[in-house]
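Chains C and P, in that order, give the protein sequences. Every letter in the first sequence is one number past the one before it in my numbering, and letter 107, counting from 1, is 107. Count along the second sequence from 1, add 153, and you get the number used in my numbering.
Please keep in mind that the hints were generated in silico from the structure rather than gathered at the bench. By construction, the Cβ of each residue, glycine as well, lies at the ideal position given by its N, Cα and C atoms. Be careful, since some hints might not be right.
[What the hints assert, rightly or not] Distance ranges between label pairs, derived from CB positions:
1) C:E36 - P:E372: 47 to 57 Å
2) C:V35 - P:L209: 50 to 60 Å
3) P:R387 - C:E36: 25 to 35 Å
4) P:P169 - C:E36: 33 to 43 Å
5) P:D330 - C:V35: 27 to 37 Å
6) C:V35 - P:T333: 47 to 57 Å
7) P:E231 - C:V35: 30 to 40 Å
8) C:V35 - P:G386: 49 to 59 Å
9) P:P365 - C:V35: 39 to 49 Å
[Unchecked claim] Calculated from the model, a selection of chain C residues having no Cβ within reach of chain P, i.e. all distances over 10 Å:
10) T34
11) V35
12) V60
13) T73
14) D118
15) S121
As a plain string of letters, each chain reads:
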Amino acid sequence: MRPLLLTITGAAVGLAAVLPLARAQVDATTPAVTVESVPGPTAAGGTATGAAQVTATGPVVGTRYGPVQVKVTVTGSRVVSATAVQLPDGDGQSRQISSYAGPRLDQAAVAAQGAGVDTVSGASYTSDGYRRSLQAALDTARAVSAQQGQGRP
Amino acid sequence: MGTTVTLDVRDPEVSPRRLESALASAVTVLHEADRVFSTYDPDSSISRLRRGTDVLGECPPDVANVLTVCDVAYAQTEGWFDAWAMPGGVDPTGLVKGWAAQRALHGLTRHGIRHALVNAAGDLAVAGNASGRDDGSGWRVGVLDPRNPSQVLDAVRVTGTGVATSASYERGPLAIDPDTQQPVQRLASATVIGPDLALADAYATAAVAHGPDALGWLERLTEVRAILVTLDGRVLRSGAFGGHDAAGTDRVDG
């Protein structure tokens, strides 16, 4: 068995129903999420007709392999993209792992959303840093999206 | 990089005190499993057993319990899961992750949690419903396409069951050929759904070592279903999946 890393969350790749406790823990350990928001399309008279697009960049999470940072874009409650903007490249081996794992983790995060599933089997989030940055970015993007009142398309 | 375990609790009304004791119980189970079974820690019981520093009788009872599950897996997979034919000596790593996740889920349910999922690096132990309500909707679990992990190949609704995947895109423990003791990859991925996640984990690992012919012994297992993707991209299904495509997989099992 590999060394253990543990996350407690309300959602494997950040779907709805995050527990208050889990959210509190995420917030406490992951400050500094930057958010950009593009309002959804509006009808005549200013009534919103579509969901805003929110892009949140997660915090830089330090791991013993180097910094990890993830950016997600959410439309309504749907994740449309997840990208690692920073992955460890401190040495040859972690660079190789990063270039391999990064795109696959991004794909898995989006696939889970796109297919409307609660989680995916086999997506091995070996990087705790990836998950923590992703989770913080997701939580923030969703909260902002919901506050704007167009959370559900 | 280590194994990441996520505890996903969906019960809508649970007191903070109860939630805290449930999470503490699950976390204790996981850390205990890590302490006893880490092959990365030279002082873990399993490392001492492998070196011959300790004999089985000196190890915590969980070591014997896990090796008993390994015995079952060995018999059911026609020897393709062989914890004793591992480089460096006996090594139950191929199913410990699933075993620990299953027990962590029991830790949660023992404290009254009814709707939860434990995700141990892609191996899932599932209880109740993702909705958090008693609507029988289960959990919708996506099986990734190993040729393109941004696509979900199949989605299954499950509850009260385990879902284990062994795949080339994953950095989990490599499948070991019991004959040569060398790492092998004879399937692009194997996903096994069954009542016990430890065994499902072992079956998925064994199937990747064996290849498409694993379908033979998988078909004989009761209450077990499998989705195998061959190296050339064919999708093979066993159990309730046989003869069905997407239509046959959208029901709650377990």
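Just checking, C:T73 versus chain P, shortest CB gap more than 10 Å? holds, 15 Å
Take the C-beta atom of C:E36 and the C-beta atom of P:E372, compute their distance, and say whether it sits inside 47 to 57 Å. holds, 52 Å
Minimum Cβ distance from C:V60 to chain P greater than 10 Å, as the annotation requires: At roughly 17 Å from the nearest Cβ of chain P, C:V60 sits farther out than 10 Å, so the non-interface label holds.
Are P:P365 and C:V35 spaced within 39 to 49 Å by their CB atoms? holds, 48 Å
Regarding C:V35 and P:G386, is the given constraint of 49 to 59 Å on their beta-carbon distance met? For C:V35 and P:G386 the Cβ distance comes to about 40 Å; the hint is violated.
Outcome of range test on Cβ distance (P:D330, C:V35; 27 to 37 Å): With a Cβ separation near 50 Å, P:D330 and C:V35 fall outside 27 to 37 Å, so the hint is violated.
Looking only at beta-carbon atoms, does the pair P:E231, C:V35 fall within the given range of 30 to 40 Å? violated, 54 Å
Does C:T34 sit more than 10 Å from chain P, CB to CB? holds, 24 Å
Hint says 47 to 57 Å; check whether the CB-CB distance for C:V35 and P:T333 agrees. Holds, at about 53 Å.
Taking C-beta pairs only, is C:V35 more than 10 Å away from all of chain P? Per Cβ check, C:V35 is outside 10 Å of chain P; nearest 24 Å; holds.
Range hint 25 to 35 Å: satisfied by the CB atoms of P:R387 and C:E36? For C:E36 against P:R387, whose Cβ atoms are near 43 Å apart, the range 25 to 35 Å is violated.
CB of C:V35 to CB of P:L209, is that within 50 to 60 Å? holds, 55 Å
Taken one by one, the earlier hints fail for this structure at numbers 3, 5, 7, 8, 14 and 15, listed in ascending order.
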